[in-house]
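Novice: Residue strings, one per chain:
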Amino acid sequence: MEKRAHYGLIRSLVGKKIFMALTGLFLCLFLVAHLSGNLQLLIPGYKGRLQFNNYAVFMTTFPLVKMVSYVLYVSIVIHVLDALVLTWRNRKARKVDYAVKSGYGSSLASRNMGVLGTLILVFLVVHLANFWYVYKFGQTPYMTTPEGHYITAKGEVLPDAELRDGHLFAGGLDKGPAMKDLYEVVRQAFSEFWIVALYVLSMVPLGFHLVHGFQSGFQTLGLRSGRWAGLLQKTSLAFGIIIPALFAVIPLLLFFLPEKFN
Amino acid sequence: MKVFLKVWRQKNSEDSGRFVDYTVEDISPDMSFLEMLDVLNNRLIREGQEPIAFDHDCREGICGTCGLVINGRPHGPVHRATTCQVHMRHFRDGETIVVEPWRANAFPVIKDLVVDRSAFDRIIQAGGYVSVNTGQAPDGNAIPIQKEEASKAFDAATCIGCGACVAACKNASAMLFVSAKVAHLAHLPQGRIEAKERVINMLSQMEEEGFGGCTNTGACEAECPKGISLENIALLNREFLKACLTS
Numbered sequence: 004m005e006k007r008a009h010y011g012l013i014r015s016l017v018g019k020k021i022f023m024a025l026t027g028l029f030l031c032l033f034l035v036a037h038l039s040g041n042l043q044l045l046i047p048g049y050k051g052r053l054q055f056n057n058y059a060v061f062m063t064t065f066p067l068v069k070m071v072s073y074v075l076y077v078s079i080v081i082h083v084l085d086a087l088v089l090t091w092r093n094r095k096a097r098k099v100d101y102a103v104k105s106g107y108g109s110s111l112a113s114r115n116m117g118v119l120g121t122l123i124l125v126f127l128v129v130h131l132a133n134f135w136y137v138y139k140f141g142q143t144p145y146m147t148t149p150e151g152h153y154i155t156a157k158g159e160v161l162p163d164a165e166l167r168d169g170h171l172f173a174g175g176l177d178k179g180p181a182m183k184d185l186y187e188v189v190r191q192a193f194s195e196f197w198i199v200a201l202y203v204l205s206m207v208p209l210g211f212h213l214v215h216g217f218q219s220g221f222q223t224l225g226l227r228s229g230r231w232a233g234l235l236q237k238t239s240l241a242f243g244i245i246i247p248a249l250f251a252v253i254p255l256l257l258f259f260l261p262e263k264f265n
Numbered sequence: 084m085k086v087f088l089k090v091w092r093q094k095n096s097e098d099s100g101r102f103v104d105y106t107v108e109d110i111s112p113d114m115s116f117l118e119m120l121d122v123l124n125n126r127l128i129r130e131g132q133e134p135i136a137f138d139h140d141c142r143e144g145i146c147g148t149c150g151l152v153i154n155g156r157p158h159g160p161v162h163r164a165t166t167c168q169v170h171m172r173h174f175r176d177g178e179t180i181v182v183e184p185w186r187a188n189a190f191p192v193i194k195d196l197v198v199d200r201s202a203f204d205r206i207i208q209a210g211g212y213v214s215v216n217t218g219q220a221p222d223g224n225a226i227p228i229q230k231e232e233a234s235k236a237f238d239a240a241t242c243i244g245c246g247a248c249v250a251a252c253k254n255a256s257a258m259l260f261v262s263a264k265v266a267h268l269a270h271l272p273q274g275r276i277e278a279k280e281r282v283i284n285m286l287s288q289m290e291e292e293g294f295g296g297c298t299n300t301g302a303c304e305a306e307c308p309k310g311i312s313l314e315n316i317a318l319l320n321r322e323f324l325k326a327c328l329t330s
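Chains as they are written, first to last, in our numbering: chain B, 4 to 265; chain L, 84 to 330.
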């Protein structure tokens, strides 16, 4: 038997699906990391505020994190473009559709991954505009101690520092950039009902997307057989419920119990 | 029993086709769905009309020839049964039943409910065989094969190539069929020799025929009359990755 040339990972449908799986599972990993970062918002008082803002500095300056963030951006782009190409190809395979569709044997989520993904993408844009853009380019307030002293991004408290263009000056010397108060941005955002509602509701399509996507990724990579097959299905269900639920809990708590957490 | 049918009628592959309503009366609940269609066809012939064309052969669920989409479900409402194994007792008296052919660009309608499934034959021709000399039957029996592996090969080999997986899939993908054929040979030592060529060739032929790709919805497995498992698709993906990365 002679093997056909020019058919491999890049050109084939299965290959494209493998890239969907790899990027998708990487995004799942990212969600776990993102969630563990977010949970720091629930540490009450000044301690939580300082820890969260320190964490924000770390996430935007540590070289390895920066590198991984570029991999993340690329993954999102590949995941979306691949989805468009695959959806277009798959739609083309049945020009005359059924008059009656039963949908038997498949979940609603599995049949509507594109719709769910689009909803998540819209949320992602809003989410980046709310926090990422504000933190990087917008008017972010600066972190102060309870006594009202500024803090450098490196965590040094400067009692008599002067703030100019985002940098702290003490005794005429530039002590480096000041720590931004991302916590305050989050607190303000999550004190508004509509933003909280949007964030909580957006976790619903994310959950459905994950319940199908998590196990689908393993299936596409060929990592499903025997006893693991049943466990994979349950793990996927748990992942798709627990992760979005925990994400949703944070804005809800900050909205309804602000005095407990701020 | 009395049933109301909405049957897809299409003169030939060029015709655009339409649903035609029929009422079939005095049906025994013990009749098979195909026998009910036979009764209707007899009447149509007597009335000088063109009978409804549909595929059938063994009528005992093993040849893979029959295949109708009944009320949106390939092979009808019975779990793990072919169309010929579906009986009228599974329908309500007075029920309206919609009968459609397999819908996929790769399975063009020839007439009414008959589709051309030669795309499956060409996928088999692309690699669903063993071309190395594996000797006579005693030579095959001389190779020890683990029971678990032999069973998996057997389970995959029960695919009758009816095409219900394609009909059920929202992408009209033939992945379950291809995976069954690849898995059947991949589990056996005789099949391992050409495993890489096989998986590449059969998948590339599947795409050439115009089938869609897999989105792991699981509809194929649920509708397969032989219960071919989705695990075969995982194996197919694994074999494909292996073939791409090691050759």
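Just so you know, not all the hints are guaranteed correct.
Claimed, not checked - If the Cβ cut is set under 10 Å, some of the chain B residues that face chain L in the computed set are:
#1 Gly18
#2 Lys20
#3 Lys104
#4 Ser110
#5 Gly174
#6 Lys178
#7 Ser219
#8 Ser228
#9 Val252
#10 Lys263
Said to hold, decoys possible - Listed next, the in silico EDC-like pairs over lysine to aspartate or glutamate satisfying Cα-Cα at most 16 Å (straight line):
#11 B/Lys98 / L/Glu292
#12 B/Lys95 / L/Glu143
#13 B/Lys95 / L/Glu290
#14 B/Lys98 / L/Glu130
To be verified - Computed beta-carbon distance windows for the label pairs:
#15 L/Phe102 / B/Leu87: 47 to 55 Å
#16 B/Val35 / L/Asn224: 46 to 54 Å
#17 B/Gly106 / L/Asp140: 52 to 60 Å
It should be emphasised that the hints constitute simulated quantities derived from the structure, not laboratory data. Computed from a prediction, not measured in an experiment: that's the story for all the values here. Every residue, glycine too, gets a C-beta built ideally from N, C-alpha and C.
Novice: Each of the hints needs a verdict: does it hold here or not?
Specialist: Hints and how they fare:
1. Gly18: holds, 7 Å
2. Lys20: holds, 6 Å
3. Lys104: With a closest approach of 5 Å, the B/Lys104 hint holds.
4. Ser110: holds, 7 Å
5. Gly174: Violated - the Cβ of B/Gly174 stays beyond 10 Å from chain L, reaching only about 61 Å at its closest.
6. Lys178: Status violated, d = 52 Å.
7. Ser219: holds, 4 Å
8. Ser228: This interface hint holds because 5 Å falls under the 10 Å limit.
9. Val252: violated, 30 Å
10. Lys263: Violated: closest Cβ of chain L sits about 43 Å from B/Lys263, beyond 10 Å.
11. B/Lys98 / L/Glu292: Holds, at roughly 14 Å.
12. B/Lys95 / L/Glu143: Answer violated: B/Lys95 to L/Glu143 is near 34 Å, above 16 Å.
13. B/Lys95 / L/Glu290: Holds - the C-alpha atoms of L/Glu290 and B/Lys95 are around 12 Å apart, at most 16 Å.
14. B/Lys98 / L/Glu130: violated, 34 Å
15. L/Phe102 / B/Leu87: 47 to 55 Å: Violated - the Cβ-Cβ distance for L/Phe102 and B/Leu87, about 34 Å, lies outside 47 to 55 Å.
16. B/Val35 / L/Asn224: 46 to 54 Å: 51 Å Cβ-Cβ, so the 46 to 54 Å window holds.
17. B/Gly106 / L/Asp140: 52 to 60 Å: violated, 30 Å
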